[in-house]
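Here the protein sequences line up with chains A and B, keeping their order.
Residues 1 to 160 (the working numbering) make up the first sequence, in order.
Residues 1 to 160 (the working numbering) make up the second sequence, in order.
Check before you lean on any hint, since a few could be wrong.
Any copy will do: because identical chains look the same in the list, a pair fits if it lies in one copy or spans two.
Each computed SDA-like pair below joins lysine to any residue, with the alpha-carbon atoms no more than 25 angstroms apart [as the list claims (entries may be wrong)]:
1) Lys2 to Thr127
2) Lys146 to Ser4
3) Lys2 to Gly120
4) Lys146 to Met1
5) Lys146 to Arg92
6) Lys2 to Glu129
7) Lys2 to Lys146
8) Lys123 to Pro21
9) Lys146 to Asp86
Hints listed in this document are in silico derivations from the structure and should not be mistaken for laboratory results.
This structure is a prediction, so every number in the text was calculated from the model and none was measured.
Protein chains: 2
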Amino acid sequence: MKVSEVNVLEAQTRHVRDAIPLFDAMQLTVVGLAPGTAAVQAPQEPNRNHAGMMYAGSLFSLAEVLGGLLPPATWDITGYVPIVADVRIRFRAPAMGTIRATAELPADEIARVGQELAAGAAKVWFTLEAVLTDSAGVTVASTEGKYVLMQMTVPGSANG
Amino acid sequence: MKVSEVNVLEAQTRHVRDAIPLFDAMQLTVVGLAPGTAAVQAPQEPNRNHAGMMYAGSLFSLAEVLGGLLPPATWDITGYVPIVADVRIRFRAPAMGTIRATAELPADEIARVGQELAAGAAKVWFTLEAVLTDSAGVTVASTEGKYVLMQMTVPGSANG
């Protein structure tokens, strides 16, 4: 990884932690970001539950934030804000240690969304599937999130 | 509310915050707990997002934790641990201010789960629907969570 890429990831990490203080408590770090793909991770300790695993809510947030990180790295979303509408998370295995969430959009989806944005659509929907893995690569959870890129009329209408 | 009820809720708040440190960062408080029903809430500030609303991940956690709080208040779950398997959350309106999550199980579900536990089933499934409301009573999000009460063989097998 180039120095410039490391700097971008560090800046993105600062950015999301400033935007959402809970990510600071989670010690969330942006570890990958490029057109059509994003990845974040967090360590066990601040996210542990009573059973010594990563808490379900921390796993959810690791996956959910990808829907906010990916769009500005993928399209020109000037005038739009990403809003999360609906997320389903399936817990598949005990989540031990540092957990990474990764999402990647298919090329045809990247193209479709880009075309709708270029056409000035008021709302552009996309679905993001994220996979959460432990340091051995075992999938501990997976999500399917529905997001909308909404043209801003009134500032500040996002939970995401 | 009786003094004894207040003491129970304060003890439960301490209990969940000790078990899951993220709830301390969220300033999550248990505000209702009785057989078949549970409620928690959290203030805006530690859970805010960039748009000045409650972050989606905090909303998720408020709803999710009810699946851990409700069972020991509802059934004798000695020898069982509640594990979250699958949660779907729908975001319905901007979440401003203090947000409360409430879940209530129908009487026939309470009875069915109680019977399966009494019969010593290895796994007892239940579905918990939670509603998240702002201080005006407006629904800002809702969840449907699938949980399993699992008979403990190896200690510590829960993400929930």
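Tested hints:
In the homo-oligomer, the alpha carbons of Lys2 and Thr127 never lie at most 25 angstroms apart, since the shortest distance is 30 angstroms inside one protomer and 48 angstroms across protomers. In the homo-oligomer, the alpha carbons of Lys146 and Ser4 never lie at most 25 angstroms apart, since the shortest distance is 31 angstroms inside one protomer and 44 angstroms across protomers. In the homo-oligomer, the alpha carbons of Lys2 and Gly120 never lie at most 25 angstroms apart, since the shortest distance is 35 angstroms inside one protomer and 57 angstroms across protomers. Within a single copy, Lys146 and Met1 get their C-alpha atoms no closer than 31 angstroms, and across copies no closer than 41 angstroms, so neither meets the 25 angstroms cut-off.
Proximity of Lys146 to Arg92 under the C-alpha cut-off of 25 angstroms is found in both arrangements, the shortest distances being 20 angstroms within a copy and 13 angstroms between copies. For a Cα distance limit of 25 angstroms, the shortest separation of Lys2 from Glu129 qualifies neither inside one copy, at 27 angstroms, nor across copies, at 47 angstroms. In this assembly of identical chains, Lys2 and Lys146 lie within 25 angstroms of each other by CA distance neither inside one copy nor across copies; the values are 33 angstroms within and 43 angstroms between. In this assembly of identical chains, Lys123 and Pro21 lie within 25 angstroms of each other by CA distance neither inside one copy nor across copies; the values are 28 angstroms within and 37 angstroms between.
Proximity of Lys146 to Asp86 under the C-alpha cut-off of 25 angstroms is found in both arrangements, the shortest distances being 5 angstroms within a copy and 16 angstroms between copies.
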